[in-house]
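**Q** Turn these sequences into a full structure, and let the hints guide you.
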Amino acid sequence: MKTVAVLLMALVSAGALAGEGVVIEATTAAGEKVELMPDGRWRFVDAAKQAEAKKVADTYPQNHLRPEGAQGGWFGTRTILPGDKDYNRGTLNPKMR
255 MKTVAVLLMA LVSAGALAGE GVVIEATTAA GEKVELMPDG RWRFVDAAKQ
305 AEAKKVADTY PQNHLRPEGA QGGWFGTRTI LPGDKDYNRG TLNPKMR
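My numbering applies: residue 255 is where the sequence shown begins, and numbers increase by one.
By construction, these hints were calculated from the structure, which means they are not laboratory data.
Because the structure is a prediction, the values reported are computed rather than measured.
Beta carbons are placed, not taken as given, at the ideal position from N, Cα and C, and that holds for glycine.
Wrong hints could be hidden among the right ones.
[What the hints assert, rightly or not] As a list, the in silico SDA-like pairs of lysine to any residue whose alpha-carbon atoms are at most 20 Å apart: (1) K303 <-> V277; (2) K287 <-> V276; (3) K339 <-> E322; (4) K303 <-> E286; (5) K303 <-> E289; (6) K303 <-> T281; (7) K309 <-> R320; (8) K308 <-> R295; (9) K287 <-> A305; (10) K287 <-> A311; (11) K308 <-> D293; (12) K308 <-> L290; (13) K309 <-> L319; (14) K303 <-> I278; (15) K303 <-> G285.
[As the list claims (entries may be wrong)] Using C-beta positions, here's what the derived DEER-type ranges look like: (16) D340 <-> P292: 37 to 47 Å; (17) D293 <-> P321: 19 to 29 Å; (18) P348 <-> Q316: 33 to 43 Å.
**A** The structure is reproduced here in structure tokens:
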């Protein structure tokens, strides 16, 4: 019996390793269908529920990242947008200019 259990565990772990990068379909405790992404994120299969969940997620400040193409914004510094006079100005060290 122990041999069967060990064999079963080996097969399951081999299947898990072979399935890296695969989207897994699952069901929540409430019975809603979701997709589990390889990077740890998840989303609803139903497009209407996903759109509603996105609206709720957009209300949280941690989901508002800096705009694409902007510079800075690390460790509480300001975000510099394209078109700003300080955008892509390079180093201020005179030895490096």
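**Q** Now, for every hint given, state plainly whether the structure supports it.
**A** Structure-based check of all given hints:
1. Restraint check: the Cα-Cα separation between K303 and V277 comes to about 18 Å, which is no more than 20 Å; the hinted pair holds.
2. Of the supplied pair hints, the one linking K287 and V276 holds, its CA atoms being roughly 16 Å apart against a limit of 20 Å.
3. A hinted pair counts as satisfied when its Cα atoms are at most 20 Å apart, and K339 with E322 qualifies at roughly 18 Å.
4. At roughly 9 Å between alpha-carbon atoms, K303 and E286 fall within 20 Å of each other, so this suggested pair holds.
5. Of the supplied pair hints, the one linking K303 and E289 holds, its CA atoms being roughly 13 Å apart against a limit of 20 Å.
6. The hinted pair formed by K303 and T281 meets the criterion: a straight-line CA distance of about 14 Å does not exceed 20 Å.
7. Using a Cα cut-off of 20 Å, the hinted pair K309 and R320 holds, with the two alpha carbons roughly 18 Å apart.
8. With a C-alpha separation of about 13 Å, the suggested pair K308 and R295 falls inside the 20 Å cut-off, and the hint holds.
9. Straight-line distance between C-alpha atoms of K287 and A305 comes to about 14 Å, which keeps the hinted pair within the 20 Å bound.
10. Restraint check for K287 and A311: satisfied, since their Cα atoms lie roughly 18 Å apart, inside the 20 Å limit.
11. The straight-line distance between the Cα atoms of K308 and D293 is roughly 18 Å, inside the 20 Å bound, and the hint therefore holds.
12. A distance of roughly 16 Å separates the Cα atoms of K308 and L290; the hinted pair therefore holds under the 20 Å criterion.
13. Our distance criterion of 20 Å between C-alpha atoms is met by K309 and L319, whose separation comes to about 15 Å.
14. For the suggested pair K303 and I278, the alpha carbons sit about 18 Å apart, so the restraint of at most 20 Å is met.
15. Distance restraint check for K303 and G285: the Cα-Cα separation of roughly 13 Å lies within the 20 Å cut-off, and the hinted pair is therefore satisfied.
16. Our hint of 37 to 47 Å for D340 and P292 holds, since their Cβ atoms are close to 38 Å apart.
17. At about 22 Å, the beta-carbon gap between D293 and P321 stays in the expected band of 19 to 29 Å.
18. P348 and Q316 have their C-beta atoms about 38 Å apart, which keeps the hinted 33 to 43 Å range intact.
Hint compliance for this structure: no hint is broken.
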